[in-house]
Amino acid sequence: MTTLQIAVIGVLGLIGIGLYGLLIARNLIKVIVALQVLVKGALLALVAAGLASGKLNLGQSLAVMVIVVDTVVAVIGLALALQVKRRMGTLDIKDLSTLKK
Amino acid sequence: MSTEQFALDNVLLWLIGLPLVAAPLVYFAGRLFNLGRWAALGVIGLTWIPFVIAAQQVGTGSISLVVEGMTLRMDGISLVLAAIALSLGTLVVVYSNRYVAHEENEDKYYPMLVALIGVITGLGCATDLFNLWVWFEAMAISSYLLVAFYRDQPASLEAGLKYLVQSAVGSVLVLLGMALVLALTGTMNLAEIRAVAGQPATPGLPLLAAGALFVIGFGVKAALVPMHTWLPDAHSQAPSGISAMLSGVVIEAGLIALLRAVASLAGVTLSWGVLLMGFGALNMLAGNLLALRQKHVKRMLAFSSLSHMGYMLLGLGIAVYVGQSAAAAGSFFHLINHGLMKGLAFLAAGALLYVLFIKTGDHHSPLTISDLGGAARKYPIVALTLSIAALGLGGLPPFAGFMSKWQIFVAGFETQNIVIDLLVIFAALNSVLSLAYYAPIVNAVYRQEPSEAVTRGQALSWTMSLPLILLAVAIVILGLWPSLLAWLTGPAGTALVKAFGG
Amino acid sequence: MSFLFAALTVAMLLCAFLAFRARHLIVSALWLAGCSAILSILMYLLGAYWIAVIELSVGAGLVTVLFVFAISIAGDESAEFRSSIPRPIALIISLVSIILLGFMTISSLIALPPATEATFSEVLWQQRGLDMLVQSGLLFAAVVGILGLLSEAKVPVEEKKTAPAKELQAGRPVVKPATAAAREAKA
Amino acid sequence: MIQALILLTMGLPWLGGLAVWLTTNKHPRAQHTLAVVFAVATGSAALLLLPYASATPAIVIPLGGLFGDLTFTPDGLSVFLAIIATVVGSLAVIFSVNYMHGDKQLGRYYELVLLFIGAMAGLALTGSLLFLFVFWEVTAFCSFALIAFNNDDPKAVAGGIKALIITSLGGVGLLSGALIIYAQTGSYQIAAFLERAETLPKEVLALVAFGFLIAAAAKSAQFPFQTWLPDAMEAPTPVSALIHAATMVNAGVYLLARFFPAFEGVAGWTTAVMIVGLLSALLAGLMALVATDLKRALAYSTVSQLGYMVYAIGAGGVYASQFHLLSHAVFKALLFLAAGAVIHGVGTRDMRQMGGLGSRMPFTRTVFVIGALALAGIPIFNGFWSKELILEAGLHEGSLWAYGVAFFCAGLTALYTLRMVYLVFFGKPRSHLHAHDAQPAMKVSLGLLALGSVTTWLLAGPLSELLKSTLPFHEFHELRTGGMIQEVITQPATLAALAVIVAGGLLWWQRQRLTGLTRMLQGLARMATNSFGFEAINRGVIRVTQSTAEALRVTQTGLLSWNVAGIAIGLIVVLILLAWGK
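Residue numbers (the working numbering), protein chains in the order written: chain Z, 1 to 101; chain W, 1 to 502; chain S, 1 to 187; chain R, 1 to 582.
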């Protein structure tokens with residue numbers, strides 16, 4: 001097995017774990033942790049793709065921007081979570097399901 | 001950066017750059033002098049100038065702008081998106097003048113709105129897959145705060161959070177798709193990807209996976225059916241101006257991003273059109289059924305956005321499947337009309353929400369159908385425009401929505417393909433089904449006995465009535481003279497078919 | 001090399017998995033940091049030196065700091081809930097998705113020899129310059145957004161559970177790291 | 001000149017609507033005046049169109065793209081229908097001056113009525129399929145809004161929505177037909193289609209033909225879509241007269257008549273049309289016999305009479321159907337308006353509470369009886385002549401069983417008409433109702449319509465001439481009024497029909513003696529009051545839709561985890577589909 005293929009398995013693993021975490025997490029902060037795991041998968045995927053196409057620098061520079069953007073998203077998510085905690089006193093997403101049907 | 005690349009006479013630079021550069025200024029104008037709303041109006045007003053020039057220059061072709069080795073190209077599709085973003089944006093700024101006045105985050109509302117308009121215009125012009133993603137994320141980030149605008153309302157926060165998490169998941173899926181494309185084609189430029197992806201030497205299966213990731217990832221924003229769950233929450237909890245923007249522009253921007261990305265993989269398989277048609281049928285049915293029993297007006301309108309997305313997808317799917325531009329032109333026409341009609345519906349419902357509840361300090365109560373009762377006597381303009389919007393959305397002539405649906409249907413029948421014919425009839429039946437929830441709105445507003453909420457209602461300001469009247473007039477005019485927008489939708493349809501290699 | 005790489009990958013996945021098993025949020029954040037650190041090593045091994053450094057400083061460093069901040073403000077709710085959808089379903093959904101993705105992709109991915117390519121900074125600043133420009137707009141939106149979400153002009157009137165005043169004031173500092181994060185990441 | 005007249009016929013009502021809107025509800029007197037002036041002017045403009053009738057399009061406006069040309073063709077059939085719509089419409093508006101006196105939303109009422117008249121004129125005059133559909137839907141909307149005019153009454157709202165949904169559902173048939181025609185011929189022009197119909201593939205033409213039949217049946221409240229019309233009786237009575245007797249329901253008959261030459265050759269189509277017509281005539285006749293609500297009884301009789309017209313078209317008697325359409329429009333409008341005067345006078349619609357009203361409202365009684373005699377098909381009145389022509393057409397073209405049913409229905413009509421008249425105006429008063437006779441404006445409308453019921457049959461010759469000279473694709477025989485009289489009188493079938501009608505009448509007088517028969521018919525009557533189960537089918541469809549919708553709402557869990565699961569499941573499905581499709 002080449003390193004590239006191992007890297008791809010790593011990507012799939014991160015995506016799978018991140019998705020699983022997102023599906024079972026009840027705590028908002030854990031939801032955001034799960035999102036971060038998903039993003040890590042995407043980052044590794046971009047680097048691996050750069051390697052696979054022989055354009056590593058392109059893959060790297062895309063990954064840089066992904067890091068920036070998704071850090072920003074994580075921060076906004078955390079800010080929302082804090083605001084939720086402040087207004088509702090909970091981080092449980094089950095309490096955040098008033099909008100339904 | 002060289003002067004050559006940043007030629008200031010390039011109209012596209014002004015069109016995209018102006019709102020983006022001006023957004024911080026709007027923020028400071030609002031923060032320091034409390035002039036945010038006027039600054040925003042000024043900026044958007046100024047942006048109309050490059051838009052008009054750009055519209056003339058684009059014609060049936062395209063214009064481009066080269067920035068730092070990357071190209072932004074405005075073709076028919078981008079022009080449609082820019083047109084609807086700018087028109088609706090202008091009216092929403094006027095409308096919000098009162099709606100968000102004295103709210104805690106008023107100073108942040110306008111710069112975000114202005115930035116949103118600029119970003120959406122840019123998104124339409126992207127020629128690079130990754131660049132498309134960056135614009136897409138910028139659009140999402142500009143809209144998070146707007147959705148969770150009433151941050152002291154738990155429901156609003158909940159909606160914002162769902163929107164954020166689901167968008168983020170979608171964006172990761174898109175990234176995975178991009179990584180696959182990069183790995184197999186070695187480029188991010190959409191045209192180059194197309195060239196490579198069409199070659200027989202390129203493995204097809206992973207590119208199909210990439211296409212699926214694009215459809216799902218961008219489909220979250222475009223509210224395709226199993227991924228639509230954020231939409232009713234976000235649309236109903238956002239301030240009504242933002243609901244109008246979300247429903248009228250943002251989900252369409254998601255759709256256009258989806259089309260751009262998938263078009264680059266057009267050579268891999270012929271089934272993209274079928275996939276779009278399938279999602280179209282699903283969206284129509286699910287949207288209508290979910291809206292049918294809904295008692296909250298804004299939520300009902302949000303669900304009906306799903307079904308309208310379905311009509312657009314149907315037309316686009318037909319166009320992609322048979323390579324015929326008329327159906328795509330119909331879809332883009334419907335995109336514009338939906339922007340106008342749904343925008344009007346949200347703004348009119350929002351006007352009632354404002355005068356009945358928000359103005360009295362009640363941010364919590366939703367507007368239900370029974371609250372609409374008898375609104376016509378006190379708020380005749382809102383009642384009339386809301387009725388026009390509802391009937392237009394239901395596809396009754398002589399409003400714009402009928403004409404665009406008709407165009408899609410005709411184009412579908414012109415293919416003389418029996419399955420497409422059946423899909424069109426299915427769409428027409430759905431249109432009838434949708435009347436079952438639009439008609440009660442009309443009945444409610446014209447009741448004689450005013451509801452309790454209406455009797456307590458406050459006065460309505462002209463800044464809120466004006467956008468309603470303008471939109472209603474536009475809807476009627478487009479319904480009576482549908483070819484008025486052919487200059488806009490025709491090239492867009494051609495551009496789409498060209499992008500998919502027709 | 002391949003063995004080391006595989007071992008590190010397994011370790012990374014383990015870290016990611018443990019991040020969800022952890023009872024305490026803070027531990028969860030630390031496992032995430034670990035995952036991120038191993039990821040940066042993997043990237044380094046793959047030859048992506050730049051991104052490895054950035055991932056280490058931003059992903060493992062800054063993001064962890066943010067999480068710790070947030071958790072310290074929000075309070076560490078250590079109580080473990082039952083998940084809101086049945087775990088087997090979650091497991092099946094995530095497994096099926098990655099198996100399908102893997103099935104469709106993995107066989108066709110072969111590393112090509114490195115093409116002659118511009119250097120990292122050339123690619124980043126000259127070929128992807130537009131992305132960087134758009135990103136500055138995006139960062140502006142993000143800053144305003146975070147300000148809008150967290151800045152407190154006045155003490156909120158209605159609160160379900162009385163949040164201690166300390167937390168309210170502590171809400172402010174989060175803003176600074178966020179903007180700093182943005183600036184740092186851009187640089 | 002002709003262009004101006006067409007534009008006036010369609011535009012005047014809309015301008016009138018606008019004028020009424022601008023007057024606002026603060027000036028009811030001005031609203032009444034404006035509405036009447038504009039309605040009468042519209043009727044006059046339509047009448048002036050008569051001498052200009054021709055088969056060539058008078059107005060052609062190219063719309064570009066896939067929208068074709070908007071054309072208006074004032075041929076005989078169009079002008080004829082436009083005149084009925086606008087003239088009867090203006091009489092209904094005049095009647096409304098008294099009937100709607102003091103209503104709080106008078107503006108909305110007149111706007112919708114005028115919009116409706118304009119749309120109906122447009123439907124009749126347009127030569128483009130696209131605009132035929134447009135006006136078709138506009139009339140559907142107007143009928144919905146007018147039926148649900150009393151929005152505070154849930155029954156009215158439900159009736160309105162029912163009418164909208166069912167007629168729009170039928171509209172899908174028209175839509176698909178029109179789209180097929182466009183896809184095949186590249187044009188929306190009705191004339192172009194009629195000319196080329198024979199060159200179209202057989203099965204395609206059959207699809208169009210049956211699509212149009214569905215549309216016509218839904219609009220004209222024919223079997224199996226008849227259920228919306230009785231519920232539509234919640235509307236103010238002049239509206240019932242306007243929409244549900246004299247004009248809108250005629251649109252379906254008009255559609256069938258208009259396209260008859262194209263579909264004549266489609267296998268099974270004419271038989272299907274006849275069956276639809278006869279079933280409607282029969283079932284609705286039975287339902288009219290047991291109805292207790294005056295307006296509902298009239299509504300069922302409308303369905304039944306429309307069934308006659310549809311049957312006539314199926315039997316090839318296009319002219320007879322149009323002639324009956326004219327008679328029916330006049331006498332049914334008269335009956336509805338007279339019923340409106342009764343309802344306005346006594347304040348109830350229940351016939352069981354009426355009785356013996358004749359002496360207290362002599363004028364209304366007189367005109368109602370004239371209308372009833374026309375409906376029953378008694379000689380001299382217009383209904384007699386047109387019904388005889390239909391029966392004659394049925395005898396010539398259709399099969400004998402169909403003729404038999406039509407024959408039976410003629411007797412049935414006489415029976416329920418007599419019952420209605422007797423219950424309302426004669427016998428002993430069954431409750432103490434305050435009653436007053438028709439008011440002045442009402443009398444104008446009623447008087448004119450009563451005059452029409454006695455005289456319009458004299459127009460048989462001119463109508464035949466009009467249709468014959470301007471409709472190139474229909475093969476009309478020349479028919480003069482004198483010839484018609486001779487033809488009808490000398491036919492032995494006429495005597496037989498008259499005998500059936502008289503027998504039907506006698507049955508009512510002998511109702512006490514026929515208790516055995518009545519008991520036998522009770523099961524049938526129970527079925528009739530339940531609309532022969534069609535209401536149940538309607539309700540079932542609605543219930544299934546509603547409960548599906550309600551069940552589907554569970555999918556909107558509001559829980560983030562499930563939302564994300566939705567995304568993942570979507571991904572899985574699309575991946576599988578694409579991998580499998582490859």
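A hint or two may mislead.
Unchecked claim - The calculated lysine-lysine pairs, modelled on DSS-like cross-linking and capped at a C-alpha distance of 25 Å, are: (1) W:Lys-295 x Z:Lys-101; (2) Z:Lys-94 x W:Lys-359; (3) R:Lys-428 x W:Lys-378; (4) W:Lys-378 x R:Lys-104; (5) W:Lys-359 x W:Lys-378; (6) W:Lys-378 x Z:Lys-100.
As the list claims (entries may be wrong) - With the Cβ distance kept under 10 Å, some of the chain S side facing chain R (calculated, not the full set): (7) Ile-85; (8) Ala-90; (9) Ile-93; (10) Ser-94; (11) Val-96; (12) Ser-97; (13) Leu-101; (14) Phe-103; (15) Met-104; (16) Ser-107; (17) Ser-108; (18) Ile-110; (19) Leu-112.
FYI, nobody ran anything at the bench for these hints, they're computed from the structure.
Bear in mind the structure is a predicted one, so any value in this text is a computation, not a measurement.
Every residue, glycine too, gets a C-beta built ideally from N, C-alpha and C.
Violated hints, by number in ascending order, as checked against the structure:
Numbers 2, 3, 6, 16, 17, 18, 19, in rising order.
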